[in-house]
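J.: Residues per chain, in single letters:
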Amino acid sequence: MYPSKFDYHRPSSVQEAVQILSANPDAKVLAGGHSLIPVMKLRLATPSALVDIGRIDALQGISRSNGSLRIGACVTYDEIANSSTVQEAAPLLAEAAGQIGDRQVRYRGTIGGNLSHADPASDLPAAALALGATLHVTGTGGSRSISATSFFVDLMMTALQADEILTEVEIPAAGAGTGSAYAKWEHPASGYALCGAAAVVTRNADGSCASARLCFNGVSSTAVDASAVGASLAGSDLSDGAIESAVNDNLSIPDATGDMFASAGYRQELAKVMGASALRTARDRA
Amino acid sequence: MGISIELEVNGASVSDEVEPRLLLAHFLRENAGLTGTKIGCDTSQCGSCTILLDGKAVKSCTVLAVQADGSAVTTIEGLANGDYHPVQQAFWDNHGLQCGFCTPGMIISCVDLLSTNPQPSEDEIRHGLEGNLCRCTGYHNIVRAVQDAAETMNG
Ligand SMILES: Cc1cc2nc3c(=O)[nH]c(=O)nc-3n(C[C@H](O)[C@H](O)[C@H](O)COP(=O)(O)OP(=O)(O)OC[C@H]3O[C@@H](n4cnc5c(N)ncnc54)[C@H](O)[C@@H]3O)c2cc1C
Ligand code: FES
Ligand code: FES
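The listed protein sequences derive, respectively, from chains A and B.
Start counting the first sequence at 3; every next residue gets the next number (this note's numbering).
Start counting the second sequence at 222; every next residue gets the next number (this note's numbering).
These are computed hints drawn from the structure, not numbers from a lab.
Among the clues, some could well be false.
Heads up, simulated DSSO-like pairs for lysine-lysine below, C-alpha to C-alpha not over 27 Å straight-line [to be verified]:
{"id": "1", "chain 1": "A", "residue 1": "30", "chain 2": "B", "residue 2": "277"}
{"id": "2", "chain 1": "A", "residue 1": "30", "chain 2": "A", "residue 2": "7"}
{"id": "3", "chain 1": "A", "residue 1": "274", "chain 2": "B", "residue 2": "277"}
{"id": "4", "chain 1": "A", "residue 1": "30", "chain 2": "A", "residue 2": "43"}
{"id": "5", "chain 1": "A", "residue 1": "7", "chain 2": "A", "residue 2": "43"}
A quick note: this is a predicted structure, and the numbers were derived from the prediction, not measured.
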């Protein structure tokens with residue numbers, strides 16, 4: 003199987019890339035290619051041109067300064083999972099990236115591609131939400147910053163304009179007393195998330211909950227922030243019982259997905275189990 | 222529109238003019254004549270097309286040849302250096318194959334796994350090879366082969 007014909011561009015700067023995108027309305031950005039090439043081979047996507055951003059230096063690299071972690075859009079899952087900087091500043095992201103696909107996929111897939119593709123079953127969107135990430139994007143009109151909360155719009159739809167490229171993901175570095183966890187229930191054949199729960203918990207000096215955040219992949223058309231669960235845990239003692247009732251009483255997934263793999267009701271229940279499990283692990287790590 | 226690419230394949234420099242949509246797997250098999258790399262599923266699942274791209278195991282059915290421009294590729298044909306590579310020998314010694322279709326990709330993935338984790342546990346081996354499917358062996362002898370290769374390579 004091979005894709006239909008397209009023109010290939012390999013710009014060396016973000017500016018050049020966005021110029022090409024704006025001149026070719028149905029051109030697509032190519033990053034790791036591990037979602038785009040498969041859909042092009044199936045001819046579900048037939049862009050007239052690809053703009054390969056894989057060699058743009060400005061989209062590489064992981065750095066930490068002034069309390070924030072910055073990851074270039076073209077950094078791969080393998081680099082993220084094995085980076086000591088990410089493991090320290092945003093261990094949730096390293097944990098989620100390490101659970102994506104298989105070794106070969108992790109060498110190619112990129113954080114920018116994962117977030118821009120916005121597949122509801124992919125593993126990084128919930129982590130980006132739970133960590134309060136800011137996504138930096140550049141288009142022909144200049145650069146802007148979008149919070150993860152406003153970035154994911156709907157099924158495979160983001161706030162990116164057609165001529166915009168996601169350039170960098172910025173995450174506030176984890177402070178003292180914070181723990182996190184990603185609990186994934188994999189689809190047994192594809193390995194994608196049937197439900198992936200990303201939890202971040204911060205404890206006060208006395209051990210009580212200062213704040214908690216629980217977000218999900220896989221259960222709805224887009225990543226979900228179960229903010230009512232987080233709010234109800236604040237001030238609690240974070241006991242297993244407190245976590246269980248916070249989840250059971252406050253978790254509702256609007257428009258839970260029901261498909262040939264799992265009904266909406268099943269996903270709701272799975273989200274409770276995986277959510278509580280992620281919160282308990284995050285608490286133990288805080 | 223043809224695009225000129227130049228890459229290193231098993232240590233030799235190769236230049237060609239290719240269509241952008243040419244997949245690396247087809248480039249290796251049809252343009253470079255290296256048919257050791259197999260295409261199984263053609264949908265990024267099975268790993269039989271796995272090759273090393275700049276030292277990392279990737280599924281060559283999911284990489285465009287133009288993306289490999291300037292890179293170094295190693296296929297199964299490039300592993301043996303007079304003698305079999307220790308991983309190839311270990312697959313032979315431990316009957317790590319039956320029909321052999323998955324074997325080139327499987328061996329390349331094992332080489333990659335051992336390069337980052339020279340002494341993997343059984344669990345790490347099974348987990349490390351999750352991107353390679355074998356429909357014959359049931360994996361047991363593949364795991365044995367990797368353990369054996371690890372021992373040989375660690376001297
Ligand atoms: C066998 C297999 C198993 C997988 N399992 C999982 C899994 O378990 N969990 C998971 O999360 N994912 C999984 N994936 C998907 C994988 O993570 C993809 O790599 C990811 O979805 C897309 O990232 P990419 O870098 O490959 O992007 P590409 O495929 O290159 O691009 C994807 C889309 O995003 C756009 N895009 C890419 N980068 C940018 C950017 N910087 N700015 C703007 N737009 C951009 C492209 O135009 C395209 O529309 C799997 C893939 C395969 C082949
Ligand atoms: S042929 Fe490439 S993964 Fe199956
Ligand atoms: S030996 Fe036949 S598929 Fe693995």
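J.: Please flag the earlier hints that this structure goes against, numbers listed from lowest up.
T.: Checked against the structure, the only hint that fails is number 3, while the rest are satisfied.
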